[in-house]
Amino acid sequence: AQSVTQLGSHVSVSEGALVLLRCNYSSSVPPYLFWYVQYPNQGLQLLLKYTTGATLVKGINGFEAEFKKSETSFHLTKPSAHMSDAAEYFCAVNIFGNEKLTFGTGTRLTIIP
Amino acid sequence: DAGITQSPRHKVTETGTPVTLRCHQTENHRYMYWYRQDPGHGLRLIHYSYGVKDTDKGEVSDGYSVSRSKTEDFLLTLESATSSQTSVYFCAISEQGRVNEQFFGPGTRLTVL
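Residue numbers (the numbering used here), protein chains in the order written: chain A, 1012 to 1124; chain B, 179 to 291.
Among the hints, erroneous ones may be present.
What the hints assert, rightly or not - Incomplete in silico selection of chain A near chain B, CB under 8 Å:
{"id": "1", "residue": "GLU1110"}
{"id": "2", "residue": "LYS1111"}
{"id": "3", "residue": "LEU1112"}
{"id": "4", "residue": "THR1116"}
What the hints assert, rightly or not - Cut-off 30 Å, straight-line C-alpha distance, at most; resulting in silico cross-link-like pairs (DSS-like, lysine-lysine):
{"id": "5", "chain 1": "A", "residue 1": "LYS1079", "chain 2": "B", "residue 2": "LYS231"}
{"id": "6", "chain 1": "A", "residue 1": "LYS1111", "chain 2": "A", "residue 2": "LYS1080"}
{"id": "7", "chain 1": "A", "residue 1": "LYS1079", "chain 2": "B", "residue 2": "LYS189"}
{"id": "8", "chain 1": "B", "residue 1": "LYS231", "chain 2": "B", "residue 2": "LYS248"}
{"id": "9", "chain 1": "A", "residue 1": "LYS1069", "chain 2": "A", "residue 2": "LYS1079"}
{"id": "10", "chain 1": "A", "residue 1": "LYS1069", "chain 2": "A", "residue 2": "LYS1080"}
{"id": "11", "chain 1": "B", "residue 1": "LYS235", "chain 2": "B", "residue 2": "LYS248"}
{"id": "12", "chain 1": "A", "residue 1": "LYS1060", "chain 2": "B", "residue 2": "LYS235"}
{"id": "13", "chain 1": "B", "residue 1": "LYS248", "chain 2": "A", "residue 2": "LYS1111"}
{"id": "14", "chain 1": "A", "residue 1": "LYS1060", "chain 2": "B", "residue 2": "LYS189"}
{"id": "15", "chain 1": "B", "residue 1": "LYS189", "chain 2": "B", "residue 2": "LYS248"}
{"id": "16", "chain 1": "B", "residue 1": "LYS189", "chain 2": "B", "residue 2": "LYS231"}
{"id": "17", "chain 1": "A", "residue 1": "LYS1079", "chain 2": "A", "residue 2": "LYS1111"}
{"id": "18", "chain 1": "B", "residue 1": "LYS235", "chain 2": "B", "residue 2": "LYS189"}
{"id": "19", "chain 1": "A", "residue 1": "LYS1060", "chain 2": "A", "residue 2": "LYS1079"}
In case anyone wonders, no lab produced these hints; they're calculated from the structure.
Glycine residues also receive a C-beta, built at the ideal position from the N, C-alpha and C atoms.
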C-alpha cells in the first residue's frame, strides 16, 4: 500500500521568502515521488519527480525537492517566492508495478505582497 | 502542452439523470485515467485504462463506469447522478503508467442538483 500526507492545507509566505511545502509518504517498497502544481481553473502540471539516483531533484520555476528515505519525506522548496507561485500543490507517490498515482490532499500556497 | 481535451467543461444536471464525460487525446498514449477532485480530498482515482477495452477500478469507482473503444477516447459515465458526485473531474494520460509523468486535461465541473 502507498499513501501520502501533506502537512498544512494552507501555507502563506511573503514575496521573496522561502517556500517550504511538506510531504511525507508511506510505502513498503522504494517509491517514485512527484510534485504537481495546479493554477486556478486549470489541470495539474508536473513540477518535478524523483525516481532513482540523485536525491535532490530540480524542477521547473525554481522549485526543488529532496528525497529523504530515513524521514520518508519529499518536501518541496523554493528559495524566493514570487507572486506567480500562488497555486495549489500536490504531492503524489507511485511504486514499481503499480500503474496508479496516489495523491495527497494538497497545499494551497498564498503569496503575501 | 499535451493534447488532451475534456467535454463538456461545465455541466449542471439533476439527480437521477445519466451523464457522460468525454476525454480525448491526440498523443497516442496507452494509459488514461479519470480522477475527481474535491476539497480536502485531493485527487482520487475513479477508473483507469491501460489499453483499448482494458480498464480497471480506482479507489472511488462506485456509481461510475468507463469505456474505451478507441485509443484516443475515454468516456466516464454516471449511470444515475447523485449530489455526492458533484465535483471537478480530471482526465489524465500517461505513456507508460508507472514513473512517467501523467498529463492532465483542463477538467470538467459537474454540478448535480
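Q. Keeping to a limit of 30 Å between CA atoms, is the pair of LYS1079/A and LYS231/B held or broken?
A. 40 Å, violated
Q. Does the alpha-carbon distance linking LYS189/B and LYS231/B stay inside the 30 Å limit?
A. 26 Å, holds
**Q.** Hinted contact LEU1112/A with chain B - closest CB pair below 8 Å
**A.** 6 Å, holds
Q | Restraint outcome when LYS1111/A is required to lie within 8 Å of chain B by C-beta distance | A | 6 Å, holds
Q | Hint consistency between LYS1069/A and LYS1080/A [alpha-carbon to alpha-carbon, up to 30 Å] | A | Given pair LYS1069/A, LYS1080/A holds - Cα atoms ~17 Å apart, limit 30 Å.
Q: Below or equal to 30 Å on CA atoms is what counts here, so check LYS1079/A against LYS189/B.
A: Not satisfied, since the Cα-Cα distance of roughly 43 Å exceeds 30 Å.
Q. If you take the shortest Cβ to Cβ gap from GLU1110/A to chain B, is it below 8 Å?
A. 4 Å, holds
**Q.** Pair hint LYS1079/A and LYS1111/A, alpha-carbon separation not exceeding 30 Å
**A.** 22 Å, holds
Q. Can the restraint linking LYS235/B and LYS189/B be considered satisfied, given a maximum Cα separation of 30 Å?
A. Holds, at roughly 24 Å.
Q) Taken at face value, is the distance from the CA of LYS1080/A to the CA of LYS1111/A at most 30 Å? A) 21 Å, holds
**Q.** Given hint LYS235/B paired with LYS1060/A - CA-CA distance at most 30 Å
**A.** The given pair, whose Cα atoms are some 25 Å apart, holds under the 30 Å limit.
Q. Does the structure keep LYS248/B and LYS1111/A at a Cα separation of 30 Å or less?
A. 21 Å, holds
In this structure, the earlier hints numbered 5, 7, 14 are contradicted, and the remaining ones agree with it.
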